[in-house]
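A.B. asks: Sequence:
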Amino acid sequence: MFYSKDRNQIRGFFRSSWQKFISKQPVEPLEALVGEVVSMHPEYHPMLENRQDDLGRDYQPEDGQTNPFLHMGMHITLREQFASNHPDGIESIYKKVLNKTGDPHKTEHLMMDCLAESLWQAQRKNELPEDQAYIQCLKQIINRY
Numbered sequence: 001m002f003y004s005k006d007r008n009q010i011r012g013f014f015r016s017s018w019q020k021f022i023s024k025q026p027v028e029p030l031e032a033l034v035g036e037v038v039s040m041h042p043e044y045h046p047m048l049e050n051r052q053d054d055l056g057r058d059y060q061p062e063d064g065q066t067n068p069f070l071h072m073g074m075h076i077t078l079r080e081q082f083a084s085n086h087p088d089g090i091e092s093i094y095k096k097v098l099n100k101t102g103d104p105h106k107t108e109h110l111m112m113d114c115l116a117e118s119l120w121q122a123q124r125k126n127e128l129p130e131d132q133a134y135i136q137c138l139k140q141i142i143n144r145y
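For the sequence shown, this note's numbering assigns the number 1 to the initial residue and increments by one for each residue that follows.
It is worth saying that the hints were derived from the structure and are not from the lab.
Here are the simulated BS3-like pairs of lysine-lysine, each with C-alpha atoms no more than 27 Å apart in a straight line:
hint, residue 1, residue 2
1, 96, 106
2, 139, 125
3, 139, 100
Here are the in silico distance ranges between beta carbons for each label pair:
hint, residue 1, residue 2, range
4, 88, 6, 25 to 33 Å
5, 120, 142, 18 to 26 Å
6, 100, 8, 35 to 43 Å
7, 32, 100, 24 to 32 Å
8, 85, 119, 16 to 24 Å
9, 100, 133, 20 to 28 Å
For clarity, every value in this text was computed on a predicted model and none was experimentally measured. No residue lacks a Cβ here, since even glycine has one placed at the ideal position from N, Cα and C.
Build the full structure now, drawing on both the sequences and the hints.
C.D. replies: Have a look at this one:
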């Protein structure tokens, strides 16, 4: 379900996962992951807890808006990459950056910039993301800290 092309369905999954998470209902592993990520972003709680909120809203970067679903989705992507160590070496890089920052959330945000660049380049070229370029970008974070 999470890998649907239907944006409202994915956004609804965020909402239902968060509702289950905060009400301590049994959750599937992916729902737990979504709940953990949402819990780190209290600024998104009202949107996910308000049944009247429109899940179909467009977020325009040109207007300085951050798409909360894209943002949380990138956290989830990073965590799945760390867990599977794919691309190869990302788990080690995460641990090194985490050791320097001492903050998992900050570490993910630093790494998110490289993920966004990798995805943007892949979309622009109409190709799969380039793992080596992505890993090189991530390694530069270690050198900056």
